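Novice: Now for the letters of each chain:
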Amino acid sequence: MIRTLAITRSHEVVTGIPLEKLQPEDYAWIWVDFNAPTPQESALLTTYFHFHPLAVEDCLHVLQRPKLDYYEDLQFFVLHALDPETLRVEEVDLFLGQNLIVSFHSSVLQEVDEAWAEIIQHAHDRKIWSRGPVSCAYNVMDKLVDKYFPSVFSIEDELAELENRGSTESIEDLMNQVFDLRGRLLKLRRTVVPMRDLMYRIVNSQHVQSNNEHKVYFGDIYDHLLKLTDMIEADREMTADLRDSYISLNSNRMNSIMKTLTVITTVFMPLTLIAGIYGMNFTRMPELAWPWGYPAVLLLMFVLGGGMVMWFLKRGWFK
Amino acid sequence: MIRTLAITRSHEVVTGIPLEKLQPEDYAWIWVDFNAPTPQESALLTTYFHFHPLAVEDCLHVLQRPKLDYYEDLQFFVLHALDPETLRVEEVDLFLGQNLIVSFHSSVLQEVDEAWAEIIQHAHDRKIWSRGPVSCAYNVMDKLVDKYFPSVFSIEDELAELENRGSTESIEDLMNQVFDLRGRLLKLRRTVVPMRDLMYRIVNSQHVQSNNEHKVYFGDIYDHLLKLTDMIEADREMTADLRDSYISLNSNRMNSIMKTLTVITTVFMPLTLIAGIYGMNFTRMPELAWPWGYPAVLLLMFVLGGGMVMWFLKRGWFK
Amino acid sequence: MIRTLAITRSHEVVTGIPLEKLQPEDYAWIWVDFNAPTPQESALLTTYFHFHPLAVEDCLHVLQRPKLDYYEDLQFFVLHALDPETLRVEEVDLFLGQNLIVSFHSSVLQEVDEAWAEIIQHAHDRKIWSRGPVSCAYNVMDKLVDKYFPSVFSIEDELAELENRGSTESIEDLMNQVFDLRGRLLKLRRTVVPMRDLMYRIVNSQHVQSNNEHKVYFGDIYDHLLKLTDMIEADREMTADLRDSYISLNSNRMNSIMKTLTVITTVFMPLTLIAGIYGMNFTRMPELAWPWGYPAVLLLMFVLGGGMVMWFLKRGWFK
Amino acid sequence: MIRTLAITRSHEVVTGIPLEKLQPEDYAWIWVDFNAPTPQESALLTTYFHFHPLAVEDCLHVLQRPKLDYYEDLQFFVLHALDPETLRVEEVDLFLGQNLIVSFHSSVLQEVDEAWAEIIQHAHDRKIWSRGPVSCAYNVMDKLVDKYFPSVFSIEDELAELENRGSTESIEDLMNQVFDLRGRLLKLRRTVVPMRDLMYRIVNSQHVQSNNEHKVYFGDIYDHLLKLTDMIEADREMTADLRDSYISLNSNRMNSIMKTLTVITTVFMPLTLIAGIYGMNFTRMPELAWPWGYPAVLLLMFVLGGGMVMWFLKRGWFK
Amino acid sequence: MIRTLAITRSHEVVTGIPLEKLQPEDYAWIWVDFNAPTPQESALLTTYFHFHPLAVEDCLHVLQRPKLDYYEDLQFFVLHALDPETLRVEEVDLFLGQNLIVSFHSSVLQEVDEAWAEIIQHAHDRKIWSRGPVSCAYNVMDKLVDKYFPSVFSIEDELAELENRGSTESIEDLMNQVFDLRGRLLKLRRTVVPMRDLMYRIVNSQHVQSNNEHKVYFGDIYDHLLKLTDMIEADREMTADLRDSYISLNSNRMNSIMKTLTVITTVFMPLTLIAGIYGMNFTRMPELAWPWGYPAVLLLMFVLGGGMVMWFLKRGWFK
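Residue numbers (the working numbering), protein chains in the order written: chain U, 1 to 319; chain F, 1 to 319; chain H, 1 to 319; chain D, 1 to 319; chain B, 1 to 319.
These are calculated hints, taken from the structure and not from any lab test.
Heads up, a few of these hints could be off.
[Claimed, not checked] SDA-like mimics (lysine to any residue), calculated; alpha carbons at most 25 Å apart, straight line:
1. F:K143 <-> F:Y200
2. H:K259 <-> U:D83
3. B:K314 <-> B:N252
4. U:K227 <-> F:D230
5. B:K187 <-> D:S256
6. U:K314 <-> H:E25
7. D:K314 <-> D:S256
8. U:K314 <-> U:L226
[To be verified] Quick look at which bits of chain B chain D covers, simulated, 3 or more residues with Cβ under 8 Å:
9. 19-33
10. 105-114
Every value quoted in this text rests on a predicted model; they were computed, and no experiment measured them.
The beta-carbon is built from N, C-alpha and C at its ideal position, and this holds for glycine as well.
Using the sequences and the hints given, assemble the complete structure.
Specialist: What follows is the structure, given as structure tokens:
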């Protein structure tokens, strides 16, 4: 679907004009949104707008890196939307001209719809009006980046919960959760870092059509992305620490298992040997005939076993 | 609560003037402190001061990254106070104008109170007077950063104590302390590093209203933050080394446990087998009838067991 | 083999002119391709073209680093082609002059053949014609870099498959696959990173004969290489995480093996001792004569063994 | 103690003039050394020299980071001396003016004494004379940095010794030494890296009163510090490798211990079972009455035990 | 030994003139080589050439960092030669003046001899002649750096061999080789990285007496050093991967050893208990008198043991 939005020089918003009837020169500026377009509609990027073939190619082949290309009278942005559930990436492409903005995304995106609604609602606002297509670009980017936060926040919540839970669960389950968190942080970083680099270039660029007023706005998005990367990096370090603490916990438990095994073996093997010795069938074994032989051996076993347990206790094996 | 402080052109300090009666143009400069303000009071940021909406939004939504934004005639700082007990972060926002400073923090902060008291006390001092609102900003930042040190120092003390304690405690407890320290260092770094980056920008910026005199002062705060990040990084490496040394200590202990188990098993299993053999009920077992059979077997067991212990001693298993 | 391609000033392509008969000044520009040349043919680089001895030396000695050297009226590129099967590197050298491009590669390369065919096919296209030899260089580089993607994609596929497979296979096999993937990523990075650095220098250089139009094209290759390095780095981190998760899985399994061993030993050793005690041959062992002695001992064994199993269950050893 | 040194315009050195009688304008330049001063003497920094309060504060509070501050007509250096035994840090502060240098250190330092003696000895040397107070600063820094080397060299010696020693000692002791070395390297780095950064700023600064001649000298100190950081980093990597090799050695030994245990258990358990079986008291056990029953069982045990040992040998368990 | 080489203005090479008779102004340029000089000869650096004392000091004290110092009319290089066998470092110092080059090395070096021979052989070559002493410096550096490659190549060969060998050798031996390789790579890096940094400074410096022609040559050495550092870094990562794969292999083997032990223990302990029970001497044990008691117990043992083996097989313990 292709939808259009035109802002007149008198701050009026006109929507729904079919693309072929739209005369850009009649309006202050216009926004054309390729909203999950058909291949026929996508072809209009070339046949109607005559955009640069490299840019059009980038639109049609998904999973580009977020980037900003300068063409003669146009700026071409590749942006990433993030599905907070699956952490899957959707590409949003923006062509930003003097009094024209064209957005292109191959599936319907809530973020773009919200930005669209906001422009219609606030078009009378002098500030939005005077900033022209740049305000659309800002609006879309702001909405996209705002959608990254819930994913990071939910990871931070899970991390905090993991830290408190500690030893009530099996280590294997805790480990799996840590590795799952790490994988999600990695996916998030693959989207956030290139977006941050892109925003840095926009804020510090001489090229982008923007005055200082605009830069304050883009700088605000940049700050959010910086905050996000800080959080992601810190969270990855925290998961690494958690993983290491689980590994060491595991190794501590192994130690205590082995201690149990060693104590049991050390205590019972000599006793079993003694029992075995007095179970031998030699004809001349004088102890066997002693009246107090049996209780004496039982006592010996008790003293020996008890002594070894005492010795292990002293060496601190059960601490 | 909103409190005001005005410095007259004759170096007098006037406090307690209600905001609505305060005429900034009558004074050398004024300081308005939003001290844990009510929502109604917070609204004055927009209705009374007409600050930029993005800045006001940053005030009201907590947990921004420390940052510095430039608006037309204002600088907007987001700063972080740190509670040394919980390592929780409090946001302090400063609006710095030509002859106006507005501070905003959603809870009462000792650091701001101290800076406030100091301005009142030293207002006659020519240096403070001539530096204007910048001296307030410096004062507040200096107090905030000074509050970071006790947290780091207490971590360093615990680390030094941990290093000396060594083997008197269970490794599991030591490990838990190390991971607790690492977590706190991580939290501290999340506050200190962005503050340091912010201060670097202030010192090297052309924008901030400050002459070289000011930069010496802000440079001093920057040095403190640099020192803090150095300490935090070095402490994290020390905790990593401690963790690794505990892990290796654990594995050494495991080795010695396994050696004990192996020695016991190796020594007693053959002896038990011998006892088992002479406990068999075959009708023709000539040794059983030998008069010296029983003591000979006991001697054999003693020699065998002793020989194996000697062999393990020689191979250095008990070193 | 040496093959030539000449573009006339009237946008005609002439191929197959022997090198010795080719008059560069008669044409808009020419491309000479040393396609797996014999040593005699290679000598023409010096004797016919009089290229700089250092550049010729770099051609003949394989396995240079991708690089760009500036000679008086020439640019010399060393590029790397990658065999997607073996990840082996082939060197492609380009000499780029004002109206001359010479390519040199010691084996037949599909990538160069495709670029060659494309030039012949699109020579009439004004854009290609006007860009001159730079368009050949772009074409070759684009084809080379496009060939890197399948290798990375196949690694990403294997990684995704590995993540899903989990515990159905032996850990040793999974580990081997992870280390194999890491090795291949390392090999890929050795080719991709220097190519990316090279492309960065081309895009940001003042020297390369190229106007802004060209830079858009080379910038496109640079973006691809940036994307590739991002993917490779993220994949290496993912393999590191997989490796760590397998190691921790291994250690968990070890724990559960040791628990089994310890439980078995702890349960059976005391029972065996009891059996051993009542197998002793003392003449006075009153229990042996009790009518219910035997069932009482069996009961004792059952209670003791069952009790220990209960105790282990309670301590959560089987979770 | 405060000691003074004045160089006349005729290259004469005068020492021992009390500070209150010293007229700086009578001499080419003077050096005042606060050598472990009393609090009363320290107060002279403010009352006599009128140095900037921030700088004086840095003098009195120890453990600043090495740094360089610029005040109007003064440069203020904070430097670190290192006690090679304990690796404890002593602060040395330098105030460097046009024809005045003031050094401040709270304990007597051999390095400053040496620099002092050298100035007295070489004052006639035209080079030292013409360089003025900068030559004192260079002299002190050079002596301080030279004192860092023995600490690093002694670590390198211990490392080399550790590498050669290998397996003759217990791994636990070797490990402890490695972690001790790592701790000392960390302490050293905390001093060397900020000093290096400081020296880099001096060499590359436009501010420091120094011509190119001076920069050669300071560049020499910078080279030494660069060499030191290289050595420290390489040594830390070497200790990390040693630690990892010990860990893997430990795990290899664990493997061989477990193999011993497993072999012993595997060989003896079946034999013990056989002996146990023929120790059972069933009335009808025909084998017991066979004349060759006993030797046959012994043979069976021998064959079984030997066969299992052979099998383990073949599987390479004892390699 | 000191040897001299003088190039006349007519491109003639004169060698063997004693230093005291050599008149630099009579020749185009001269090269003086201090080839393993005696202390008396070394003194000539100061007494005859009057080089800067800091540079002379650097010559006489070995093991400086590779570096480049600028003195008034001289450049002073410290370079490192590498013995491919022992990876020991030899220092080569170059003083490069307008028409003078002085080389200093405390032992006879093949690399310098080769550069010397090449200058004599190619002196008639206009290019070498016109480049003057710079061509000597280039020649020496080129020879030095070329000697680094065999060391890296031999490490790469050993690495490739290690990767293929896999499990035919004991892990302990493989580990030792990996740690040996890592140690050698560390040593190599300590030489190659500072040389690369030095060459970078030469290529990008404005000071070095060199026109663009020279920079192409030095850039060639820089490329080689860049390639070397790339190889060293990649090899260190490969050894880290190999180490980790051996560690995980080790832990897998440990797992399978423990499984064997656990299976043996689990299977035989219950059987031994049964045998022990029927070896007890109670007077009333009805089973003992049963005619089929003995075979029934043997069958029970067989079924129990076989059942447990089946159960382990099912749980996949032998995969």
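Novice: Which of the stated hints cannot be reconciled with the structure, identified by number in ascending sequence?
Specialist: Of the numbered hints given earlier, those the structure breaks are 2, 5, 6, 8, 9, 10, listed in rising order.
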